[in-house]
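S.K.: If you want the building blocks of each chain, they are given just below.
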Amino acid sequence: MAFYLTTILFFPILGAVMLAGIPGRNRAAIRQATLAIAVIHFLIALPLWWLYAPGGADYQFVEHVPWIDSLGVEYHLGVDGVSVLLTLLTVLLTPLAVLGSWRYIDHHVKEFHILLLVLTTGMLGVFFALDLFVFYVFWELMLVPMYFLIGVWGGEQRVYAAVKFFLYTFLGGVLMLVGILALYFHHQGVTGVYTTSLADLMAIPVPGELQLALFLAFAIAFAIKVPMFPFHTWLPDAHVQAPAAGSVILAAVLLKMGTYGFYRFAMPLFPEAARQALPWIAGLAVVGVIYGAMVALVQPNVKKLVAYSSVSHLGFVMLGLFALNVTGVQGSVIQMINHGISTGALFFICGMLYERRHTYEIAQFGGLSTVMPVFAVLFMIVTLSSIGLPGLNGFVGEFLILVGMFQNHPWMTGIATAGVILAAYYMLRMFQSVMFGDVEIEANRKLPDLSGREVAVLLPLVALIVWIGVYPAPFLSRTEPSVDRFVERVTRTAGTQPAEVAELDADEAEPPEAVPAGLEGRP
Amino acid sequence: MAANWIWLVPALPLAGVLVNGLLGRRIGKGGVSVIGPGMVGAAFAVSLWLFLDLAARAPEARTLSQNVYTWISAGDFRASVAFLVDPLSATLMLVVTGVGFLIHVYSVGYMHDEDRRGFARYFTYLNLFTFAMLVLVMADNFLLLFVGWEGVGLCSYLLIGFWFKDRANATAGKKAFIVNRIGDFGFLLGIFLMFGAFGSVAFADVLPSAATVLDAGGPLAFWICLFLFVGAVGKSAQIPLYVWLPDAMAGPTPVSALIHAATMVTAGVYMVARSHALYDMAPAVLAIVAGIGAATALYAATIGLVQTDIKKVLAYSTISQLGYMFLGVGVAAYAAGIFHLVTHAFFKALLFLGAGSVIHALHGEQDMRRMGGLKRALPVTYWTMLAATLAIAGIPPLAGFFSKDEILWRTWDAGHPVLWAIGLATAGLTALYMFRLFFLTFHGSFRGTGEQRQHLHESPPSMTIPLTVLGALSVVGGWIGIPPAIGQTLGGVPNAIESWLAPVFADAHAEGAAHAAGEAHAIPPMEYALMAASIAVALLGILAARYLWLTRPELPVRIGLQFRVAATVLSNKYYVDELYDAIVVRPYNALSHFAWRVIDEGLIDGLVVGGTGAVVRWQSRVSSAWQSGAIPTYVTVFFGGVVAILVYYLFG
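If you're matching them up, the sequences are chains R and Z in order. Numbering follows the working numbering, with no gaps: position 143 of the first sequence is 143. Numbering follows the working numbering, with no gaps: position 369 of the second sequence is 1369.
One thing to keep in mind: the hints can contain errors.
Residues from chain Z that face chain R, not an exhaustive set, calculated with beta carbons under 10 Å [claimed, not checked]:
{"hint": "1", "residue": "Tyr1069"}
{"hint": "2", "residue": "Arg1117"}
{"hint": "3", "residue": "Asp1166"}
{"hint": "4", "residue": "Ile1178"}
{"hint": "5", "residue": "Arg1181"}
{"hint": "6", "residue": "Ile1191"}
{"hint": "7", "residue": "Ala1533"}
It should be emphasised that the hints constitute simulated quantities derived from the structure, not laboratory data. Source: prediction; values computed, not measured. The beta-carbon is built from N, C-alpha and C at its ideal position, and this holds for glycine as well.
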């Protein structure tokens, strides 16, 4: 299995090169070819589900090749359970995104699909990177195609949205770069070795104040991506303006870059600083949960509503990461996947509405259940998943996050739990406005129900919604050992072992020292 | 082994969901009419078998359980899909599948005007409800119970808004879901606290060790029980979260009978009774439960007195009767609370189905002011409704008398004379408003249109047979709980339900178990006195109703004019909906608008992003992003920065 990850990583680029050879006029051929490439890509990556051994090594399918010796940069890839799930999510959503844009994208079709494939490589690179330099290259690589997806194929205010996306991301990127460089030179200062290897950098403790500063540099970059309150205002604009496929990828995968960044880099690299910052970050996460839900409620635009709901949902994910126990972090990881599936599906649904009426205004709909019954059923299931109905996927994640976080921070969790009420309020209100009532607007009276293609886009996502809700064990068991290591790393105090492990050792150490029976009390 | 087949009980209605949901239009209304009720009937049969299997065992061995699979396991947390069949859940299973089956059959007649799609959708939802309700009562842990809990809430939402073309129906469904979510918020916090204290959410881990883990009367026990009770208050429509139930009458009438009277709304009572080991450690919360129950019972009865919509009267009556059940469990008379849950399921389901039969005959008319004199045209409905009305009024020997009186007596016996008095007054009011409904509907002269009069008809057998069965149960259903005070004089008839439930509630009241065994026991004379008082009050209520709405029908109008303020307040339901709207809904919406317009668009976009003006300037610079060479700009700026930093570190 040498270079398995490299194959997965660069296959889309190979596909993009092939696409470049197809004449731009032949749109059908481009769409079909991209779909074929994306499906093959999915099939190539799918065996990860079985081949990854949860109980095995920390990182698997590791590739380690010297790259820029003078700088200590290595081409170093590997996956743990969390990156495996995020990878599978990514390769599943790409073909669906192609299928979902079949009619939506009608100009520069070739460029669109090439960028989509390049974007896929960028995202996967972030999930695979075990070297900060490699990570940073892919991090920046993925932003460029996204910028153009919004700026070229977006709605009326696409340029404004793209620029806003750019500004925020630029700010975060620069901060993180400074952080990476500072860490790089700190490591060299202590050991005399230049390296960008994540494992090597983690091995050398960073002194308190520098650690806090570096953590903040990373954390702000990731918090923008998540996005956490108050760094979220690029998101609604980006979503509303982006084409359906862009929104789907943006919500489902790109936002996870932020939470994944916390999980893979910011928190394990700077554990003490992460614990110091915990009340602030968890506090902002709680604010995000409530604030996102409130602002979502008053949106007249369905896409913007879903965008703000993401702010609320990602608040839960951040809360789970900072629960710093396995239950909460497991919830957080599964919720990253859940959000990708459910919100991805919601943005597909927004696209389906838009293709029919060329508007996202909630007031322009109403009574669609009567004219589009199949759509109604699928939309309802996705809505229920989004509001965390037990038996569907969202509940598993939210519950684990809250029950885990509650054990350490009951008050914050209590406030965040109110989010389940607010979510029901804004989602059901939107659903009712769009789907229930009588058809009052003439243009809605003859809307076609979902086509076979559209059903094919939503059905895999709905199947996952039910699967994870009813039987999450295969997902949870794949990530648990990785999450264990994460929690152990982040809760460890410099120079000592984590509390639980120390206790365990003490227990194990006891039997040999036990005094033989009958000898107690003797001098 | 019966235990290996427990899973069948919820699986059968779930199979109905799949068949009706996926193939409903293909198999047609005929097929759906077989599958829908058939699956619930089959679940009843299996439940009965399990019940008999339990009954054949020694009392302390009456527990069956089945672990289907581990649902969630993450870190220390673990929850299984596992079922528990003990006397308490077996009782509820029989009610849910038994009464549920009758209502499914009734629905075949009631919903026959729906088109194929609607008909299939209706039975899909109704089967789904039955499945969720069975999960709720059969769960062996609090998390799975919560799954059923929210599942029935979902079905309630879907069925209240079944006729979604009318926006008001959809709104009522949404209100039900959201108000229930407020309760569920409490339930979740209760589970979080419980997991913190016990390290588990399984009944088998939590309940037996409640007495050792929790301090009696301590804060942990208090908060766990209080939070769980918040969930019960939402689901069982008690003060202050009852406001969704009257609106829920927007759903089809059989739905009101099944979900909003017989089963779902009693889930809160079941939950408190199930967790009684926790509540026994929190006497302060028990007092709150009893107080809220009594207050709700009286409060809802006063509103029921002036409603003119037949279903609204029954809705407030349900809220009131649920209050009785909470009064019962609140004074630690758990078996009495469950007993009333069972008899109430019989007579209240019947009252709703009877009302449905009336509405059916009048082509959708629900206003009692346009009814009257229906006795002759609807004989089966009339006689069965009479049985149910007498039962709820508390006339012996019908079902409601025994269960309600048991609660009242246990309240008095536990040393709560004030709560007892409230309960007694409510009993009188119940007889009054129920016979007002009965007389206005069936007696006097018909006040509807001539056309309605011409089309008056008794309902088809699919509807009248369930009415008859429930009518019989409303008469004899109470005989499973004859108190020793009467049982002894009848020659030692035991209190069957109390002794049946004794293994579940044993530690709660050993005295009850002794009662139940039918042992000769000195009956305090007070018990007979109180019994006489409740019968007298019920009779008084009926006579008053007869005088007011049959003999002197102009009198209620005059009373209304005399006490105009009181009448207005009552008919507007104490303006509680308006109050909530003013102090919760509007401020929340306004605050949300503020957050969006002022904080998001004003403050953050204005300040943090550095002014929208700057962005607009950018916008003109890169207005056609693809052609203008934005990539070079981007790359230059970015990697220029990288180089600058590198240079600073390497040579600075």
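S.K.: Failing hints, ascending?
M.R.: 7
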